[in-house]
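Colleague: Chains E and Z are the protein sequences, given in the same order.
According to the working numbering, the stretch in the first sequence is residues 1 to 874, in order.
According to the working numbering, the stretch in the second sequence is residues 1001 to 1874, in order.
Heads up, some of the hints might be wrong.
Just so you have them, the derived chain Z footprint on chain E, three or more residues with Cβ under 8 Å [what the hints assert, rightly or not]:
id, segment
1, 703-712
2, 741-753
3, 765-774
If you are wondering where the hints come from, they were derived from the structure by calculation, not from laboratory data.
For clarity, every value in this text was computed on a predicted model and none was experimentally measured.
Backbone N, C-alpha and C fix where the C-beta goes; we use that ideal spot for every residue, glycine too.
There are 2 protein chains.
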Amino acid sequence: MTKFVYLFKEGNQTMKNLLGGKGANLAEMSKIGMPVPQGFTVTTEACNDYYARGKKIAPEIIEQIEKALAATEKLEGKKFGDANDPFLVSVRSGARASMPGMMDTILNLGLNDESVKGLAKLTGNTRFAYDSYRRFIQMFSDVVMEIDKEKYEELLAEMKERKGAEFDTDLGDQDLVDLVGEFKALYLKLKGEEFPQDPKEQLIEAITAVFRSWDNPRANTYRRLNHIPYEWGTAVNVQAMVFGNMGDTSGTGVAFTRNPSDGTKVLYGEYLFNAQGEDVVAGIRTPKPISELQKDNEGIYNQFVEISNKLEAHYRDMQDLEFTIQKGKLYILQTRNGKRTAQAALKIAIDLVKEGVLTEKEALLKVEPSQLDSLLHPQFNPASLGKAKLIATGLNASPGAATGRVAFSADRAKELKEMDGLPVILVRQETSPEDIEGMIVASGILTSRGGMTSHAAVVARGMGRCCVAGAGSVRVSEAKKIFEVNGETYKEGDWISLDGSTGKIYGEKVETMDATVSGDFETLMSWADKFASLEVRTNADNPRDAKVAFDFGAKGIGLCRTEHMFFEADRISSVREMIVAKNEEERKAALAKLLPMQREDFIGLYKEMQGFPVTIRYLDPPLHEFLPTEADDIKALAKDMGITEKELNATINDLHETNPMLGHRGVRLSVTYPEIAEMQTRAVIEAAIEVNKSGMSVKPEIMIPLVGELKELKYIKDVVVKTANQIIKDAKVDLKYSVGTMIEVPRAALLADEIAQEAEFFSFGTNDLTQMTFGFSRDDAGKFLKDYYDKKIFVNDPFAHVDQKGVGKLMKMASELGKQTRPDIKLGICGEHGGDPLSIEFCHAIGLTYVSCSPFRVPIARLAAAHANIKNPR
Amino acid sequence: MTKFVYLFKEGNQTMKNLLGGKGANLAEMSKIGMPVPQGFTVTTEACNDYYARGKKIAPEIIEQIEKALAATEKLEGKKFGDANDPFLVSVRSGARASMPGMMDTILNLGLNDESVKGLAKLTGNTRFAYDSYRRFIQMFSDVVMEIDKEKYEELLAEMKERKGAEFDTDLGDQDLVDLVGEFKALYLKLKGEEFPQDPKEQLIEAITAVFRSWDNPRANTYRRLNHIPYEWGTAVNVQAMVFGNMGDTSGTGVAFTRNPSDGTKVLYGEYLFNAQGEDVVAGIRTPKPISELQKDNEGIYNQFVEISNKLEAHYRDMQDLEFTIQKGKLYILQTRNGKRTAQAALKIAIDLVKEGVLTEKEALLKVEPSQLDSLLHPQFNPASLGKAKLIATGLNASPGAATGRVAFSADRAKELKEMDGLPVILVRQETSPEDIEGMIVASGILTSRGGMTSHAAVVARGMGRCCVAGAGSVRVSEAKKIFEVNGETYKEGDWISLDGSTGKIYGEKVETMDATVSGDFETLMSWADKFASLEVRTNADNPRDAKVAFDFGAKGIGLCRTEHMFFEADRISSVREMIVAKNEEERKAALAKLLPMQREDFIGLYKEMQGFPVTIRYLDPPLHEFLPTEADDIKALAKDMGITEKELNATINDLHETNPMLGHRGVRLSVTYPEIAEMQTRAVIEAAIEVNKSGMSVKPEIMIPLVGELKELKYIKDVVVKTANQIIKDAKVDLKYSVGTMIEVPRAALLADEIAQEAEFFSFGTNDLTQMTFGFSRDDAGKFLKDYYDKKIFVNDPFAHVDQKGVGKLMKMASELGKQTRPDIKLGICGEHGGDPLSIEFCHAIGLTYVSCSPFRVPIARLAAAHANIKNPR
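Given the sequences, and given the hints that come with them, work out the whole structure.
Modeller: So, in structure tokens, the structure goes:
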């Protein structure tokens, strides 16, 4: 028979999957002789069994629980439901990973009309005993019976009003005895039965409630955001109660073995005498710093210091402890690796290496890559954020926090900022290249339209500027200089705040803290590079972004989207001339105007990259993206171009597409207009020759997008090679360059062996590859993906983390097929996934050469690459 | 060294790939002792070598040609360039498959200023010799030197005018001698050099011209339409000239061994004495039927009959022969399997079996599946089509020919037809479900918008009605009751004609011939079913189409698109109510109205299919397709629905998608609104129970579209199974049904092993699978695919024939993975490719169970399935 219940003394820390994190740690502490109140853990498998049976606990599991309870009673020398010295327990959920979305704790379980008297006797405090009982009734009703706890709060409030009591503590013993009577009557009325007096019944109900809480909406959302599989289930810990409020030799507290804010090595925490856990956090009495315990009770203090040192050494990481002193005896209720700020994480990891506790590799694994984000971007001051007014939530398009005055145009943003130097938030329906300067001066950008790959999002990420995009409930009127949200109106100059890491928008000023990159950061990054096998490049379209990425340690550019250059104000008109050209000759004339500008772009990029490879993707978007859509703009453009509105409208109409994602774009443009590829090649090669004159050694990598067929790549490669070689020959220089392709169309992955005949490198464009493999339009999927999460069809957003099973299978296939044809083929990724730690781990596993991500993700990617290679060395 | 040139006597009929069809047959005839003028073939490999060298013939090939020439001269006993009895040759292209797009023939090569005198002496006819020479100069200039032949025709016309000659034959000997002088002078003027006098130079130039013609635009188009790979190359045949115009004992003719129109076994052809091949087809002299040759020259006639019998027996097929009699000696210049009408093809194939020449299997292979189309649809009378005025070309959306008076509305079409019974063509911008009755009475349908899967195209194919869709150059004004094309206006009642097989539109009445299905057809189809392994089902959305398909031998429905039912006039309003519903309750109320109608639909389909399986695909298109787009329609609908225009517009706006192909459709709709799947299940199951009461045994197959993930399928399957089982239980009947999925998203193919855990069958939706695998939107790809053909990147339209390398790889993978999980899984295809013979062959090869196609493609698919299994038995 499967063992579903483990006494603490039967487990150990390696049994996390079965016992949950909390259970495994309680067992481990028990094993190594820590003073832990005894108890037992009902396993995660029991939870899965509960769901498999249609939400029923199997009789055999109940039997095992009862046996474990009996064994624990024996260990503690008390009896469940004893009217003199009752055995009371806490019931806590405990999944493999910490899960705030779930039921947390029921305390004092085992209390009933008899045992409450025993507790009163034991504590010498009738008021306390009945207060505990009424809290237990309320807690049990709330989390186990799903009775709205407000109903109980109302009874309490009425009692206080009757008695003229300001605080709960103003109520007397009898008041609380009476209140318990009222609570029980309410329970009877609402549930049609008496409040359960049998502690075993209470216990089984509470365990069931923990299991049930695994599937509540908050837990489901948390799991999705943190990639925790539903199949893991939760364990339940049942532990003997100890009381810190049995007089002045009792107390309770929490402590970290190091400072969780800055990582300094000093015991950090608080305690209160004659108190229960709740009181420490409730804020009615002010807890004392842990250091004062030495004065208050040196023996206990020394014992606690010894224990905390032992536990830190044992777990080889900073610990977060909960303890209770019951009548002079110290109990440890819980230990776990302590949560810490990014800054503290770095310091602790590095200190533990210095102290000889961890190797560099182990230290690297102690820092979560995604945590670094908060070091690189401003953050809200948590104290200040506390009660800030949340007015809407958009897409978390670019991380960091920003606060500032609203401006509805780039010009106005600049004016406001110049006027007094105070920060500004640029608010637009959507941004366009004309807004760039406004985006530079702004502390944050808010748009009401557009997704994670909209102009605002992409540009903001490149700059490291905080951005919340596509906040649909925010209705922006740029003309009226207002935005409305939920019936409230915000106007120019009003303060708002944005959290680009969560997408939250606050309707007021919230204090922010600057990004702080310490020496520890550099140390950790240098270790990361030492152990990583994947290279990290950046996606950058201009020298400004390239410089940021270079400073963050990018070893080249993995994706330069040339069309972003096309959008810039000084060249968009030449681009449009090219589009409305009636023949090749006119088109070439327009391209000739673009050539010197593109050449300058590339010169700038090459220079910033100081010899590291620069991968240039040729024109990708459908041409209609460069043309205006509003009637007024069309009118103005037609005038500029010297053509009639009818002609321009005809061009726009011709270019209209039903499914632009799957339309005339990428390599298909170059097949139709090889002269575009020719111009871009000229710019790439001429720029390289120019920069190399100054002694650099640029080796451009030319990347053809959206290829699905060998002959298609060959057609364009022939144009590229012919053009490039002629220029190189004429210039009498020796310049190496390579030509490769994106793998972003499923067919390219399927036929990668053929395509590698011509492609010297592959770069996985996982944005498009995900769209086409799933048949999802990223722009449209938002509408139905929510249903997919709610119905547990998807755990992860496939646009945030590579879908390893489907898209990943294509990537793996393409990598293997590509290497068959060309064993030394360079393999990279340049989709949004290139900056996502989970996806980076996958890229490492399938043998890619590099990942490329936006500049501010570079440090994260470097650390993630190190993690991947440490966990799974190549 | 590679052998690039073969004497006829060195080859045989198995060497078609190397020698081309014509060359292999000449060699074979030579081998079996037929009287063939000697010669040699330059191989297809030489053609490929020519292109590989940048359009140059290698010196070693020229050497081999010269050797073969010398050997042929020896065999014929003549010398190239001999001034007394010159050796003259014809030069003909000859690819593996017959290729009308290429250069055909140069006759009389070897003529020059000297040998023309020898020819005059030999024929005793100076006029003829110089006429041959001037024709040779003109032909050589045209096809070899690319000089416009009109320039020569002008000189001829001037000469005739000067001489007052009406016909060429009115010119005298000296006139032609002078004309040759003028032709040569023109050549000198245009090319800057004398007309080449060296016959060897003439020959090499002519061979080069044949190679060059392999890559001309006409040849490229023909290859694409007929799936002939560019890599095949063409061979060149050089053959000794014989003359049918050397007096009354000479002659020339062509003959088929059977009647190519109806297939009757009788020698069929024409001949002329004292004539060359040209004269037979030129129409100046009337050729005699071949039967009269018996009277004219019984010896030659008997010899020819004997030869033609021998050749037919040797090739085991009806032959198309060219012959020449030179001074009483019979020569066979060419033999090949004769082209024939579909009707003749059937009769000949069946007769050859009766005659014991072919087995049934061999006979089946003699009939091309696509040929059957012409038996099933009306065709134009070829004589009548001759000079019909072509006014535009649209998409060949549904085959057959139609002629009739233009009507711009369904009502008017019915009136016109009822008035006098004469045929009508319905002309619309695009059709909608309200046009159905008009489409039924019309002989053909013409639309100016919409593609191969537009409403008009799909419905017309189902009905077998001729349809030309998306003819962009035809501007239809339904209000004005006119259409304009190229500046001309057609109005109601004007006669036009459509060829749905080619997309051609004629601006006048063209006589048509009815479809004719004979007993031979039934015989052949019964053989086909005997040897086929793939089953053939049909795509049918209504009983009318289902009946047609059943009569054509469909063994079930492979695809019923339920949304087509939703579009019908009597239910669209309930569908719209469902869409604008504000909550589940309102939605369920609207669905309840649809239930009885859907149930009746399915009852009708089941009845027509008489117990064969019926596969019902659940709602697939995005919901916005059911809502109007024009402001007036929106206004009217809002009023009907009792909501404000603003509300309706908000719904339409919410439903708008950037890429609808990749949007909220297919299974995604059911995930969001499981109540739709529930209603459809209710209709499917209740209808089956109803029909089975009458003793039928319907086993519905429920098909979920657009699945890409197991859990997604499982979610909906659970809804289906729960609903279905409850109904079956309540009805106390025993009903079997199955639940399967389309494989149309790449991810489904990649994870088919998982998906087969729930799917009891797969049906490949190759339309969408092609779109997503290539990243092509079918609606948009038309714009750039032309460039892909022109640049030889694609040979075939991947929407017409399954892309075996890419899409096919996914299909093969999915089939194999599906069988791993569920060895007895049923595998089908229901995309447009299901009716395409090439794709059917592939489906057979990868082990599918059935193909499903539109009703009128069913016979074609049955024959193609037989071909596939005969060529590659399972």
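Colleague: State for each hint whether it applies.
Modeller: Cross-check of the supplied hints:
no. : hint    : in the structure
1   : 703-712 : holds (count 5)
2   : 741-753 : holds (count 6)
3   : 765-774 : holds (count 5)
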